[in-house]
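The task is simple: from the sequences and hints, build the whole structure.
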Amino acid sequence: MTWLKYRGQDFFSLDGINKRAMRLINESPMDEDIRYIERFLAGEHAGFEALVKKYQSRVLNIVYSMIGRDRDCDDIMQDVFLKVYHHLRGFNRASRFSTWLYRIVANSVYDLLRRRKTLVLDNDALETRASKDDDPQEALLAKEALNRVPSAYRMAIVLKDIEGLSYEEISHVLRCRIGTVESKIFRGRQYLREAILKGEGGVA
Amino acid sequence: MSECLRIQRLLSRYVDQEARESDAALVRTHLEGCSACRKEWAELARVKELIVKKERKTLPEELWPSRLRNALIREQNKAPDFSWDILGQFSRRLIPIPIGVILLSVGLLYWSVSQPMIRISTEDIGRESRDNGDSPGRDIGCLNFREGGG
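Line by line, the protein sequences give chains L and X. The numbering of the first sequence is our numbering, which starts it at 1 and goes up by one. The numbering of the second sequence is our numbering, which starts it at 205 and goes up by one.
Some hints here could point you the wrong way.
Unchecked claim - Between beta-carbon pairs, the in silico distance windows are:
#: 1; chain 1: X; residue 1: I301; chain 2: L; residue 2: S151; range: 40 to 48 Å
#: 2; chain 1: X; residue 1: R278; chain 2: L; residue 2: T99; range: 23 to 31 Å
#: 3; chain 1: X; residue 1: R210; chain 2: L; residue 2: A94; range: 31 to 39 Å
#: 4; chain 1: L; residue 1: C176; chain 2: X; residue 2: E225; range: 19 to 27 Å
#: 5; chain 1: X; residue 1: I299; chain 2: L; residue 2: R93; range: 34 to 42 Å
#: 6; chain 1: L; residue 1: H87; chain 2: X; residue 2: K282; range: 13 to 21 Å
#: 7; chain 1: L; residue 1: R93; chain 2: X; residue 2: L263; range: 23 to 31 Å
#: 8; chain 1: L; residue 1: H86; chain 2: X; residue 2: R210; range: 45 to 53 Å
#: 9; chain 1: X; residue 1: E225; chain 2: L; residue 2: D31; range: 28 to 36 Å
#: 10; chain 1: X; residue 1: L298; chain 2: L; residue 2: I178; range: 46 to 54 Å
#: 11; chain 1: L; residue 1: A46; chain 2: X; residue 2: R250; range: 41 to 49 Å
#: 12; chain 1: X; residue 1: L263; chain 2: L; residue 2: T99; range: 20 to 28 Å
#: 13; chain 1: X; residue 1: T262; chain 2: L; residue 2: R103; range: 19 to 27 Å
#: 14; chain 1: X; residue 1: R210; chain 2: L; residue 2: C176; range: 19 to 27 Å
Honestly, the hints are just simulated from the structure, not real lab data. Heads up, the beta-carbon is just placed ideally off N, CA and C, and yes, glycines get one too.
Structure representation (structure tokens):
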């Protein structure tokens with residue numbers, strides 16, 4: 001038996017779920033993420049879990065590409081999703097949910113990198129888990145090359161090439177101008193090119 | 205050469221297919237006639253291809269929802285224990301007390317300094333007693349009494 005607040009109005013609920021709000025949410029057309037958020041705000045925990053299911057692998061891929069350690073990845077992922085859980089009510093929808101989420105991910109990753117000061121890589125973390133179609137040599141080369149890119153440029157590269165975000169979306173995530181994103185990607189690729197050409201036995 | 209530098213700045217966006225149409229046309233025209241920039245473009249395209257093809261991890265659907273469920277339960281069950289945070293909050297509430305004590309001390313000091321100073325020494329009191337014909341006595345502070353009484 002709880003009183004729920006939804007869109008400024010108080011509702012009484014026996015099971016913690018606002019039925020009236022749920023009916024409204026299900027009837028009105030809206031973005032999938034917003035629907036999950038509305039369900040969560042109406043008291044349905046499943047709304048939050050749906051968001052987690054949708055984004056957990058994407059968050060992991062960003063974090064893993066940046067950190068390279070499974071143990072730290074778990075800590076960061078828990079930190080990220082708990083922040084989302086506690087601050088979802090404050091999400092103002094000025095940007096897409098994914099942009100807001102990636103910003104939290106980027107901040108958590110940078111916090112960890114600051115704590116670590118220098119990025120020390122586990123050799124285990126470099127083990128590739130590429131699918132059978134991929135060349136394991138290439139996958140390892142890509143991973144090692146990415147780890148040689150300074151973290152300030154690496155985040156832009158990861159968001160662009162691994163998550164497929166546009167320059168504009170990356171500028172919202174990293175809170176910088178599009179020109180800065182362009183510059184970060186350009187410089188990051190120079191590092192990558194050097195590492196890859198060296199790895200392939202070419203001349204950098 | 206300056207044309208090549210300009211094109212190379214545009215190449216990253218061109219590889220990402222995010223260059224403006226006018227810039228993309230410029231790059232295409234330039235690449236047809238410049239082998240150095242063509243090599244640069246091919247290398248950048250190769251770099252991008254390698255990273256895009258990098259394997260992605262896929263997690264079991266229920267993994268993090270169940271982990272977070274447990275984490276949230278732990279968070280809710282966690283009783284507020286004594287911590288530096290709590291101490292911090294407690295000490296913040298006590299801040300007015302030392303400030304008040306300091307202000308009071310400064311006020312008292314100011315008050316005592318601003319009073320006219322009267323200096324009476326025991327010698328003065330003794331002299332006054334002799335002038336009045338009283339027997340000399342031992343001066344203790346502002347009191348004057350005779351030993352042996354009487």
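Consistency of the hints with the structure:
1. X:I301 x L:S151: 40 to 48 Å: holds, 47 Å
2. X:R278 x L:T99: 23 to 31 Å: Roughly 30 Å apart at Cβ, these two residues keep to the hinted range, so it holds.
3. X:R210 x L:A94: 31 to 39 Å: holds, 36 Å
4. L:C176 x X:E225: 19 to 27 Å: holds, 25 Å
5. X:I299 x L:R93: 34 to 42 Å: Since the Cβ atoms of I299 (chain X) and R93 (chain L) sit about 40 Å apart, the hinted range of 34 to 42 Å holds.
6. L:H87 x X:K282: 13 to 21 Å: holds, 19 Å
7. L:R93 x X:L263: 23 to 31 Å: holds, 27 Å
8. L:H86 x X:R210: 45 to 53 Å: holds, 48 Å
9. X:E225 x L:D31: 28 to 36 Å: holds, 29 Å
10. X:L298 x L:I178: 46 to 54 Å: At 51 Å between Cβs, range holds.
11. L:A46 x X:R250: 41 to 49 Å: For A46 (chain L) and R250 (chain X) the Cβ distance comes to about 44 Å; the hint holds.
12. X:L263 x L:T99: 20 to 28 Å: Roughly 22 Å apart at Cβ, these two residues keep to the hinted range, so it holds.
13. X:T262 x L:R103: 19 to 27 Å: 23 Å Cβ-Cβ, so the 19 to 27 Å window holds.
14. X:R210 x L:C176: 19 to 27 Å: Given range 19 to 27 Å: holds, Cβ gap about 23 Å.
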